[in-house]
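Note that the protein sequences, when read in sequence, are chains A and B.
The opening position of the first sequence corresponds to residue 4 in my numbering, with each subsequent residue numbered one higher.
The opening position of the second sequence corresponds to residue 4 in my numbering, with each subsequent residue numbered one higher.
Keep in mind the hints are simulated off the structure, nothing from the lab.
Don't take every hint at face value.
Pairwise CB distance ranges, derived in the manner of DEER restraints [as the list claims (entries may be wrong)]:
1. A/Asp-405 - B/Ala-74: 44 to 50 Å
2. B/His-401 - A/Asp-180: 54 to 60 Å
3. A/His-100 - B/Met-380: 26 to 32 Å
4. B/Ala-17 - A/Asp-344: 43 to 49 Å
5. B/Ala-74 - A/Arg-340: 19 to 25 Å
6. A/Pro-134 - B/Arg-227: 40 to 46 Å
7. B/Ala-74 - A/Glu-368: 36 to 42 Å
8. B/Asp-300 - A/Asn-376: 22 to 28 Å
9. B/Gly-389 - A/Glu-214: 46 to 52 Å
10. A/His-100 - B/His-401: 34 to 40 Å
11. B/Glu-259 - A/Ala-369: 54 to 60 Å
12. A/Arg-340 - B/Ser-220: 26 to 32 Å
Chain A is faced by these chain B residues, among others (derived, beta-carbon under 7 Å) [said to hold, decoys possible]:
13. Phe-96
14. Gly-132
15. Ala-136
16. Ser-313
17. Thr-318
18. Val-331
19. Val-334
20. Ile-404
21. Asn-407
Cβ coordinates follow ideal geometry from the N, Cα and C atoms, glycine included.
Protein chains: 2
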Amino acid sequence: MAKITSVSPLAPAAFPDLPVIKGVRFATVAAGVRYQGRTDVMLAHLAPGSSVAGVFTRSATRAAPVLDCQAKIGRAGDEGAAIIVNSGNANAFTGRHGIESVRHITNAVATALDLPETRVFSSSTGVIGEPLAHNRITAKVDDLTRALDAGAIEAAARAIMTTDTFPKGSTTSVEIDGQTVQIAGIAKGSGMIEPDMGTMLVYIFTDARVELPVLQSMVSALNRQTFNCITVDSDTSTSDMVLVGATGASGVDITEHSIGFMEGLRRVMLDLAQQVVRDGEGATKLVEVSVTGAASDSDAHIHAKSIANSPLVKTAIAGEDPNWGRVVMAVGKSGARADRDTLSIWFGDIRVAENGWVSPDYNEEAAAAYMKNPELMIQVDLGLGGGTARVWTCDLTHGYIDINADYRS
Amino acid sequence: MAKITSVSPLAPAAFPDLPVIKGVRFATVAAGVRYQGRTDVMLAHLAPGSSVAGVFTRSATRAAPVLDCQAKIGRAGDEGAAIIVNSGNANAFTGRHGIESVRHITNAVATALDLPETRVFSSSTGVIGEPLAHNRITAKVDDLTRALDAGAIEAAARAIMTTDTFPKGSTTSVEIDGQTVQIAGIAKGSGMIEPDMGTMLVYIFTDARVELPVLQSMVSALNRQTFNCITVDSDTSTSDMVLVGATGASGVDITEHSIGFMEGLRRVMLDLAQQVVRDGEGATKLVEVSVTGAASDSDAHIHAKSIANSPLVKTAIAGEDPNWGRVVMAVGKSGARADRDTLSIWFGDIRVAENGWVSPDYNEEAAAAYMKNPELMIQVDLGLGGGTARVWTCDLTHGYIDINADYRS
Chain A
4 MAKITSVSPL APAAFPDLPV IKGVRFATVA AGVRYQGRTD VMLAHLAPGS
54 SVAGVFTRSA TRAAPVLDCQ AKIGRAGDEG AAIIVNSGNA NAFTGRHGIE
104 SVRHITNAVA TALDLPETRV FSSSTGVIGE PLAHNRITAK VDDLTRALDA
154 GAIEAAARAI MTTDTFPKGS TTSVEIDGQT VQIAGIAKGS GMIEPDMGTM
204 LVYIFTDARV ELPVLQSMVS ALNRQTFNCI TVDSDTSTSD MVLVGATGAS
254 GVDITEHSIG FMEGLRRVML DLAQQVVRDG EGATKLVEVS VTGAASDSDA
304 HIHAKSIANS PLVKTAIAGE DPNWGRVVMA VGKSGARADR DTLSIWFGDI
354 RVAENGWVSP DYNEEAAAAY MKNPELMIQV DLGLGGGTAR VWTCDLTHGY
404 IDINADYRS
Chain B
4 MAKITSVSPL APAAFPDLPV IKGVRFATVA AGVRYQGRTD VMLAHLAPGS
54 SVAGVFTRSA TRAAPVLDCQ AKIGRAGDEG AAIIVNSGNA NAFTGRHGIE
104 SVRHITNAVA TALDLPETRV FSSSTGVIGE PLAHNRITAK VDDLTRALDA
154 GAIEAAARAI MTTDTFPKGS TTSVEIDGQT VQIAGIAKGS GMIEPDMGTM
204 LVYIFTDARV ELPVLQSMVS ALNRQTFNCI TVDSDTSTSD MVLVGATGAS
254 GVDITEHSIG FMEGLRRVML DLAQQVVRDG EGATKLVEVS VTGAASDSDA
304 HIHAKSIANS PLVKTAIAGE DPNWGRVVMA VGKSGARADR DTLSIWFGDI
354 RVAENGWVSP DYNEEAAAAY MKNPELMIQV DLGLGGGTAR VWTCDLTHGY
404 IDINADYRS
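Take the sequences, apply the hints, and build the full model.
As C-alpha cells, then:
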C-alpha cells in the first residue's frame, strides 16, 4: 500500500486540547501487531457506574470484534468497562480463529482490570483476512493497565491510526442546571473503508451520568445525522463502530429530555465525522451536499447520497468544474422521487439551474471561481415537498487511485 | 474535457464486417452541432412493415428525445420508420426548448421520408443543459434522405461517437427452418454516462419479421441480461437507449418460441454491451463478475453490482492486486443476503477464500500473476441457494480521473 507521507490539506491546524473526562483513563503501547516503531494498541478504562452505548457497521461480513461488541453492548452493569483497540490487523474474515483472538484479548483485559468479560469491548483495524497475533496484545495488557492515565487521550487517538494522515479529536462542554459536563472523543478513518486498512472507529467519553437506554437511543439517533451522513467512496467497512461511554463522574444526571447534552454530543459526533471526510483518501475538497424540497426526508437522503457518491460529481469537484449536469444526472439515477422541471441547483450562493434548465442569470466564471474553495456546498431543491438531508463527502482525485491501486507491500 | 487521443487497450482489433440488413439504409452528415470536421448526425430508414422495439434509461431526469421515443415506442405501424441521432449535444435538462427541438427534428424527417411523426425516433448525445441547435440538423435532412445507403452502417457507428475511442459494431446470423436471418447492431458509450457527453446509445437491425409485442418482450428480457449487467462507474445517463428494428425483408417469421433468433439477438446485445465496457473511461481491464449460490437471482445481481461498482475493488484491479478482502467488503455492504462463513471467492481458477477465511492452498504469487491479464473473472459463491448473476465492469484508473476531472473546454 502506498505510504502516505503528507497530511491532508483539509486537516485541522492542530489536535484540539481535549479535557480530562473524569472517570476515564487511557494507555497505549507498541505491541508490534503489524507496524514497527509506533504505538498500535490503546486501552481505555471507564470507572464503575459508567454506561457504554454503541452503533456498528451493518455489513453482512462484519468482523469478529464487531460481533462480540454487539453481543455485549445492550447489557447494563455497574462494574465499570474497558475498550481495547489495535491497529494493523482488522481481525475480519478470519473465521473461527478470529473469534478465539477476541476471546483471548477480552479475557486478558477482564482479568487484569477485574471486570466481567461482558464489560470489555474490543476493536481491530487493519488488514483483512490475516490471523491476528493476539498473543502480542495479551503480552502487553499488564503494561497497559499499569500505564492508565486520565491525560493520555491524544496518545490513544494516535495509536489507533492506520492510513489516517492526522489524529482526530473533538470536545465540547455543556451547562446543565449550572453544572458543567464535558464530552470528548477520538476517531480514526480516512474512508468508509480504506485500502487494506478497513474501518472507521470512534470513541467518545463524557463525565455525565446517563442511563444506558437513554444513552443508546441518543447515540443511535445522532448517528443517523452524523456518521451515517458521510461518505468517502461508498464502500462500507467490515469493522466500523462508534462507542460512547458516560462515566457519571461529574455527578450530573442526563435524562432523555436533556436537549443541551444531546446538542453537545451531536457537535462532537459531527465534528469527528467531518474530520474523517477531511482525511478521505486523496481528498482536496470537503463538500456539503444539502437537499431540500424532497418528497420526504428519506428521499432527500437518497438524493444526497447519490450526489455525494457519484464518481462523475466527485471528479468534477476535483477538477474545480461547476458541472451541474452531473448533479442532475445523480438526482435522476437515485431512484427517489424527482421532477426535472421543478429542480433547482446552487453551488454555494450561486444558483446554477432552476425549473429544469440553466438559470437565466447563471455566470459560469463566478461558479468556476467558487469551485476553487477547499470547502464547498452543493444545494439541490427538488420542489416537491418538505424533505431535507445533509451529507458530507470529498472529491475523487489521483490521490485516491494512488493510495488504492498500489500493490500491497 | 480531456481529448482522448489513444484507442482503449481493450478495443477489438478492427470494426467487424457488418452485413447489409435488407430493409435498412443509413446516411451520415457533418452538421456542425458541436464538433467540427467530422460527421455528427446519422439517419436510419426502416422499410414499411418494420417493427421497432426499445428500452430506455429509468433516470428521473431523462432527456427530451428519450421521453419522445418512450411515448412512441409501443405503437405498431406498417409505414416504415426512421431513427435520427446527433452527437455533441444531449438535449437533456433543456426544459421546453428541448421538447421543441425534438419536434422540429422529427417533423423534418417525417416530412422528408413521408412517415407519420409517430414513426420517427430521435436521440441526442453530448453536453447536458445547452440548447440544441436543431436548425443545423433540420437543414441537413434532405441531404441525409438522398444519401441513404444499405451499406453505410459503419459510417453511422462513427457519426454517433462522442468520447468513444473506437466505433462499436456486432453481427450474427441465425438459421431458421433452413433460411438465414441477419442481425447487426452499432453502439456508442464509454461510461454509463461520460464526462459531459452523456449516454449509451445502441441500434440493432435484423431482416427477420417479428411482431412488435414479441420483439419488445425479447428486447426487454435480453436487456436485463446484457446492457443492464454492465457498469463503468455506477452513474446512469439521462439519455441511454437501445432500439431494435426488424424489417421483415428476409421473409422469415420469428415467433416468441424462436430460441435460435433470441440467442442470436442476445449474442449481438452482449457483444455490444461488452464493447461499451471495453471503451470504459480509462479502462485497462475487462472484468466479469460471476455470482452463484445466492438466495435468489435478484440477490446475486445486487452482490455482483456491489462488487463491480466498488471503487476499492476497481482500484485493486487497476493495481493488479488480488485483494479479495475488498470483495468480501463489497458483498458485506450490498444489502443482499450473505453469510460470511459460507462465502467462497475465486480469481479466475484460483480459489482465494472459502468458508469465511483465506483458502488453505491459496498462493498469492499465482493470484498476482493472474491479475496481470487484461480480461479477468471474479467469482463469488454465497453458499446459500441457487441464485446466479453475471455482470461486466472495468477497472478504475488515473485515466478515469484525467478524463473526468479536467475542466470543460
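Here's how the hints hold up against the structure:
| no. | hint | result |
| --- | --- | --- |
| 1 | A/Asp-405 - B/Ala-74: 44 to 50 Å | 48 Å, holds |
| 2 | B/His-401 - A/Asp-180: 54 to 60 Å | 58 Å, holds |
| 3 | A/His-100 - B/Met-380: 26 to 32 Å | 29 Å, holds |
| 4 | B/Ala-17 - A/Asp-344: 43 to 49 Å | 45 Å, holds |
| 5 | B/Ala-74 - A/Arg-340: 19 to 25 Å | 21 Å, holds |
| 6 | A/Pro-134 - B/Arg-227: 40 to 46 Å | 42 Å, holds |
| 7 | B/Ala-74 - A/Glu-368: 36 to 42 Å | 39 Å, holds |
| 8 | B/Asp-300 - A/Asn-376: 22 to 28 Å | 46 Å, violated |
| 9 | B/Gly-389 - A/Glu-214: 46 to 52 Å | 48 Å, holds |
| 10 | A/His-100 - B/His-401: 34 to 40 Å | 38 Å, holds |
| 11 | B/Glu-259 - A/Ala-369: 54 to 60 Å | 58 Å, holds |
| 12 | A/Arg-340 - B/Ser-220: 26 to 32 Å | 28 Å, holds |
| 13 | Phe-96 | 5 Å, holds |
| 14 | Gly-132 | 5 Å, holds |
| 15 | Ala-136 | 16 Å, violated |
| 16 | Ser-313 | 6 Å, holds |
| 17 | Thr-318 | 4 Å, holds |
| 18 | Val-331 | 5 Å, holds |
| 19 | Val-334 | 6 Å, holds |
| 20 | Ile-404 | 5 Å, holds |
| 21 | Asn-407 | 4 Å, holds |
Checked against the numbered hints listed earlier, the structure breaks hints 8 and 15; every other hint is satisfied.
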